[in-house]
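Undergrad: Here is what each chain is made of, one letter per residue.
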Amino acid sequence: MPGDYTRNQESFPETDAAMEAWAEAMKQIMDTGSKALRSGGVLSQVTSEDVQIAESAYETVYEIDKVRLFHYHPTTKQKSTLPPVVICYGLFGRQSMIDLQEDRSLVRNMLAAGIDVYVVDWGNPTRADQFLNFDDYVDLYLGSCLENVVERNDGKPACLFGICEGGTFAAMLAALRPELLSGMALAITPIDFHGDHENFWLGEGFLNSWIGNLEKGDIDLLIETYGMLPGAMTGTIFSSLTPINSMTKYNLGLAKMDGNRDALLNFLRMEKWIADRPDHPGELARQWLNDLYRENRLVEGKFKIAGEDVDLSNISCPVLNIYALQDHIIPVSCSTALGKFVPEKQYEEIGFPGGHVGVFVSSKAQGVVAGGLIEWLERTQDTAAQPKKSRGKSS
Amino acid sequence: MNEKDNGFDAMMDIWQQSQDAFMKAQADVAEQFKTALSGQTPSQSAPNMDPLAAWQSFIKSWSPAWDMSAMAQPQNPFTQDFRQGPDAFFSTLDPQKWTQYAPEQLRVMLDSIARGPQFADLMMPQQKAAEAWRESLDYQQAASDMSRVMQEAWTAAYKTYSEKYTLDDLKSGNVNEALDEWLKAANAALLEAQGSDIFLNAQKRMIRASTEIRARQRDMAEDWSEVWQIPTRTEVDDLTLIVHQLRRELREVKRELARLKGENS
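Line order of the protein sequences matches chains X and V.
Numbers 173 to 567, taken from our numbering, label the letters of the first sequence in order.
Numbers 31 to 295, taken from our numbering, label the letters of the second sequence in order.
Among the clues, some could well be false.
Claimed, not checked - Under the rule of at most 30 Å between Cα atoms (straight-line distance), these lysine-lysine pairs were calculated in the DSS-like manner:
{"no.": "1", "chain 1": "X", "residue 1": "Lys388", "chain 2": "X", "residue 2": "Lys444"}
{"no.": "2", "chain 1": "X", "residue 1": "Lys428", "chain 2": "V", "residue 2": "Lys194"}
{"no.": "3", "chain 1": "X", "residue 1": "Lys207", "chain 2": "X", "residue 2": "Lys388"}
{"no.": "4", "chain 1": "X", "residue 1": "Lys444", "chain 2": "X", "residue 2": "Lys207"}
{"no.": "5", "chain 1": "X", "residue 1": "Lys428", "chain 2": "V", "residue 2": "Lys284"}
{"no.": "6", "chain 1": "V", "residue 1": "Lys194", "chain 2": "X", "residue 2": "Lys238"}
{"no.": "7", "chain 1": "V", "residue 1": "Lys291", "chain 2": "X", "residue 2": "Lys474"}
{"no.": "8", "chain 1": "X", "residue 1": "Lys428", "chain 2": "X", "residue 2": "Lys199"}
These aren't lab readings, by the way, just hints derived from the structure by calculation.
Make the full structure from the sequences, and use the hints.
TA: Okay, structure coming up:
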């Protein structure tokens, strides 16, 4: 026992304290080591078949080039009177994020509410797609998908839910083709690419300042050299936005899970999603980085699609804007800028207390985000939407 | 004291000796032919000059501080690698191993080659090679600068940590808390650094330098493809662009046709 160390029948308090500290340190080190071993033990039993994502059933109802439109099978006999919802993710990740696992799935939450759900899958762009740009992705691909859903909905408009870069696409389409939309929800979406940069918190808005610091020629050279914006490159950039988290997730992070199989599988599903990062078509990336991130043309009304100015004040449907308060990728001020363009009575926000991806995969998000979205849909969209005249087909 | 302390004298000497060596080499070859044809044993006459000594003398006359043994000093990693066997020797062929010892002088040389005049009927492969080499130096410099910025961030993190978390705090033996405090300090310092101007500029140079190298690799690969009559990346990209433009035009025509049909029906 620490207090038993004596010499000439005297005790030495400093030695006792040091021994106690040593014992405490060893205990904590052994404890962490044991947790790491337990996690390692579970990991050694896990196979790739155990780590499945995006398992909700769907069928492909429309295809154009590599783009596919999925229609999800209903999971309840109760059919809502809400318009169909078309979910559009960006190209820096996959849409599987919204259906990561059974208990963390925006898609399943919406299906459970009886909502008709469609999801746009951008496919795997290769160098053969390097010249695709915003004209193609917004006007042609997303426009065609939405037209298809409107046709399937007896000519009545649908609700578009855009996420991240897909949210920017959605806002652009809503400005160009308002007749196709009964409502629009956005999540973690950049609109003002400069944001309130003077008031960013530490770690917020690195993408904005990093890209803003590059010159146009740097980005042009990057795109001309690679043809695409490689997924591996964007993945590395995203990792470097949170350096300590990236350095510790495979050691301390795993140890903290203490062999909890559910927690480890959640972690591995997220890893699987991160690893599957597609290459981004070069011309689209060039516009994204130069015209939007560097020159902020969208909010300045200087961005064109298929020859038309994108005027965000043309958005006429009800809008729900969801952002993450601790989003290190898309600053809050970059998202909330949309409020300046949409009439106040049509515009609502949900500020989710979490990070960029947490909006979809955290357990808290299932109530706050999915619940908030469904509540907004029921409140603003549950009317018999009347068919509106369409501008015409994109393809 | 070197008696050949006049550089021009030394240069004339070495030139003279070179001429002598050349003439002697002709004589030696003739002698070897003669020996081979006659079946006699070749003579083992010692050379009557020492070119290495003449060369050293020449160098020292221009640069008295020159020490030929400097390259062989144990702390020189270039020569260390050389001593460590054939693999290490081949690794010394990698410019990254040795260009760091005189990058600026090398950069000046490469600049002069790369900016040399073009001749219509002469291939100038050395210009491309010089450009490639200069770009690799730029990349090394950019990587080194970026590394220095991050190293400074880690140093700042350690300073903050050692100020906030003293040895007294460690006396509790709570290593978990100590680790958490360290990670917090490191995270704050790294994020602070990643938002600084010095980081932004280092990052810009790094991205630019690495992309230029990649572009050069592509350029060189295309030269190779041309030689072997393999379609180059540029040619494939050109075709892709043509297909992309044709497809877009076709869609516009179809859209216009549909519109006209709608108007007529």
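Undergrad: So, for every hint listed, does it hold in this structure?
TA: Hint check:
no. : hint                : in the structure
1   : X/Lys388 x X/Lys444 : 33 Å, violated
2   : X/Lys428 x V/Lys194 : 25 Å, holds
3   : X/Lys207 x X/Lys388 : 49 Å, violated
4   : X/Lys444 x X/Lys207 : 23 Å, holds
5   : X/Lys428 x V/Lys284 : 59 Å, violated
6   : V/Lys194 x X/Lys238 : 55 Å, violated
7   : V/Lys291 x X/Lys474 : 34 Å, violated
8   : X/Lys428 x X/Lys199 : 15 Å, holds
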